[in-house]
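0 is the number of the first residue of the sequence shown in numbering that gives the first Met the number 0; add one for each residue after it.
One should not assume that every hint holds.
[As the list claims (entries may be wrong)] Computed beta-carbon distance windows for the label pairs:
#: 1; residue 1: Leu38; residue 2: Ile198; range: 27 to 33 angstroms
#: 2; residue 1: Met327; residue 2: Trp251; range: 27 to 33 angstroms
#: 3; residue 1: Leu38; residue 2: Ala108; range: 25 to 31 angstroms
#: 4; residue 1: Leu340; residue 2: Arg67; range: 24 to 30 angstroms
#: 5; residue 1: Leu93; residue 2: Thr333; range: 47 to 53 angstroms
#: 6; residue 1: Leu424; residue 2: Ser368; range: 17 to 23 angstroms
#: 7; residue 1: Phe221; residue 2: Ser368; range: 25 to 31 angstroms
#: 8; residue 1: Gly304; residue 2: Leu398; range: 40 to 46 angstroms
None of these hints come from the bench; they were simulated from the model. Model, not experiment: these values are computed from the prediction. Virtual Cβ for every residue (Gly too), placed ideally from N, Cα, C.
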Amino acid sequence: MRTPPATAPGSTGSFRIPPAARAGTAWARLRVLARLVGLGYLGVTVFARLPVAMLPLGTLVMLASWTRQVLLAGYAAGAVALALAVSVPLYGMLARRVGQRVVLLFCSAANTAALLWLIHEADRVQRNPEIGIGLLLAACAVTGATCAPVAALARIRWAGESQRLADRSLLNSSLAFESVADVLALLLGAAVTGLSCVIGGPHTGLLMVVPVNVVGVLAFAFFRLRHALGPTSPPPEPEETAADAARPSLMWLPVVGMGALGLLLGSMQSSLVSYTMNFDAVQYVGLLYAVLGGSSLVSAVIVVGLRARTNTWGAWLLWACLLTLVGMPVSMPTGDATLALSLVVEGAVVGVALIVTDSVVMSIAPVRSLDLVLTSALASLLAGNALGLAWGAVLGDSLGYNSALMLPVLSAGAYLLLAHLYGYLWRQRFERRETDARLARHLARRDGR
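Construct all of the structure, not just a fragment, from the sequences and the given hints.
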């Protein structure tokens with residue numbers, strides 16, 4: 000990653016963080032972020048990450064509408080999401096070598112060409128179902144592999160700038176914004192895909208990714224910080240204690256937990272396709288999914304705005320329990336209205352669960368490898384999404400949408416088990432150790448008397 004200059008053109012000096020903002024509300028910290036990078040940058044980062052949400056969903060809806068085969072559509076969308084998951088860490092490593100701008104310019108051009116190839120291959124399969132689907136799946140994989148990983152690169156930028164930020168709390172605020180931006184992209188991507196498919200046809204959801212590549216990704220590639228912090232001496236790193244050394248051993252649990260959430264979201268998309276095919280309304284899947292995304296955004300903004308403590312094992316366990324409970328009504332819809340209402344409730348919990356898991360990842364990851372851990376969490380989310388798309392399609396094709404809608408509940412159950420395991424290991428390695436240490440100090444003081 001290339002570091003921006005110390006001061007942007009037109010800046011009169013280095014940026015300083017107001018002391019009041021360090022102890023202020025989340026909104027005060029957001030205003031500080033806006034002063035640091037500009038509102039334009041914050042908006043561009045949201046807009047440029049829409050393809051990650053739009054590509055798998057658009058592929059799923061297009062192929063389900065054109066071929067009437069849920070299984071083929073699920074596998075194709077899963078291929079897109081899986082290629083996305085594999086490419087995220089690779090692009091992260093490549094960006095450190097050649098710079099983010101080169102990676103983003105390549106992705107913007109290559110993904111646009113891959114999209115046109117994917118639509119062409121899907122049209123061929125629609126016109127002649129007897130031809131092989133090898134080229135179609137290859138086009139799906141190339142489309143996913145060339146998608147710009149804006150969310151990962153934005154987090155890498157913040158992790159790199161953390162050495163120049165005044166305090167860790169501001170870094171936490173910036174990454175909290177990234178978590179909310181991911182949820183907002185989920186909503187906007189689903190809404191744009193749904194409206195495009197309803198108005199212009201099943202393939203227009205994918206075509207709408209082209210202007211995002213041309214405008215959003217290129218803008219993100221060329222955007223520079225409006226202000227930057229002046230050079231600061233990094234604080235001396237404290238000696239690593241035994242507890243600090245043990246933290247990375249638990250790091251994989253929230254990363255896998257993010258994969259469980261991806262499994263839930265991916266299987267929900269395939270299940271909704273299976274459900275709507277019974278009523279010949281596949282083009283409305285994007286809008287149904289946007290209902291879930293809308294309530295997710297509202298709950299995520301509320302939690303971040305209230306600065307609720309979300310990085311503890313207790314918070315993870317609580318919201319995992321709620322996610323499992325609210326997923327049950329979704330698996331037994333009695334009509335469109337009850338399904339929509341269930342999606343609203345589940346979306347509200349999913350939004351908080353995404354924030355909680357991201358917070359746990361940030362709290363337990365070592366600072367020196369924070370960018371790697373955050374990139375791995377995003378890749379895990381996308382890999383889970385790919386599995387959910389494929390497995391949901393298999394269940395929907397073979398057993399019907401009622402069975403497919405059970406997969407999000409099972410995904411929530413896996414997320415709950417991971418929360419239990421994380422809480423158990425955390426208490427064993429940290430809380431009980433601290434209790435024993437306090438007891439030993441108390442006994443030592445008593446014996447000294």
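Structure-based check of all given hints:
no., hint, in the structure
1, Leu38 <-> Ile198: 27 to 33 angstroms, "30 angstroms, holds"
2, Met327 <-> Trp251: 27 to 33 angstroms, "28 angstroms, holds"
3, Leu38 <-> Ala108: 25 to 31 angstroms, "28 angstroms, holds"
4, Leu340 <-> Arg67: 24 to 30 angstroms, "28 angstroms, holds"
5, Leu93 <-> Thr333: 47 to 53 angstroms, "50 angstroms, holds"
6, Leu424 <-> Ser368: 17 to 23 angstroms, "20 angstroms, holds"
7, Phe221 <-> Ser368: 25 to 31 angstroms, "28 angstroms, holds"
8, Gly304 <-> Leu398: 40 to 46 angstroms, "42 angstroms, holds"
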